[in-house]
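With the sequences and hints as input, model every part of the structure.
Using our numbering, read the sequence shown as starting at 1 and increasing by one per residue.
I should point out that these hints are in silico values taken from the structure, not numbers from a laboratory.
No false leads were mixed into what you were given.
EDC-like, lysine to aspartate or glutamate: derived pairs with alpha carbons at most 16 Å apart: (1) K45 <-> D108; (2) K158 <-> E175; (3) K43 <-> D234; (4) K23 <-> E136; (5) K23 <-> E129; (6) K23 <-> D69; (7) K43 <-> E109; (8) K163 <-> E175; (9) K45 <-> D234; (10) K233 <-> E167; (11) K45 <-> E109.
Simulated restraints, written as ranges between beta carbons of each label pair: (12) L135 <-> L262: 13 to 21 Å; (13) V101 <-> V139: 40 to 48 Å; (14) V101 <-> V189: 54 to 62 Å.
Every value quoted in this text rests on a predicted model; they were computed, and no experiment measured them.
Backbone N, C-alpha and C define an ideal beta-carbon position, used for all residues, glycine too.
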Amino acid sequence: MKQRIITAIIAAALFIPFVIYGKVPFTILVLAMAVVGFYEILKMKGISLFSVPGFLGLLTLILLVIPTDWSSKVVDAIGYSSNLMVVYGLTMLLLIYVVLVKNKITFDEVAFILLGAFYVGLGFHYLIETRSYGLEFVVYCLLVVWTTDSGAYFVGRKLGKNKLWPEISPKKTVEGFVGGIVIAVIFAVGMQAIYPFANGGYVSLIFITILASIIGQMGDLVESAIKRHFGVKDSGNILPGHGGILDRFDSLLFVVPLLHFLHFFW
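Dropping the structure here:
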């Protein structure tokens, strides 16, 4: 626990200034985290980031992560109408590589690389886009994720009796799941009371917070399912006591795109 607290304090001290300042430094930091997260998910499958498929997957990831205005400049520079066409081109190169190496890397592995790039890349892309709408929205997203996680942990320890999904995450309970939602709503309402930021008012904010808290916990379960499938405890060890980048951002990778799809930021 002591190591977890020390790591959390140091990570927050490094991360928060980038969040507050935003702009290019924040984009570069998020891109770096995405690369580490992509490395972690490839490592679970036993695919090297420094192999040809890993490198093509990395290029796909970068195109998916970078802000919309950056990607527009990239595709204009190479003469394509959208970065989706470039991603499609990289997909074709990956499939051609399967043929060239005579199935030493399989179609399944190519699919895993591409899914990993989309899973990690789009989540972090929308984190960058969220910052462009305003600091308060990033704070709200982090608040929902962190209070849900903490609420689920402490309520689950105190009141938890019914297992939520033991095959995936044996320690999570139904009581913790509900407790995480309740705590997230309380803090979101408190933030709105101190600094009004949600255009739809309290009813809309409560509904969206409940949905975001549920989806965030599902994101956590997804990461747990991936790790359990590959037989690993943590996605990585870059954060002592916490695991890897995906271990810390698994919920956020689901919450931030959801809020964009709901047009919460505008």
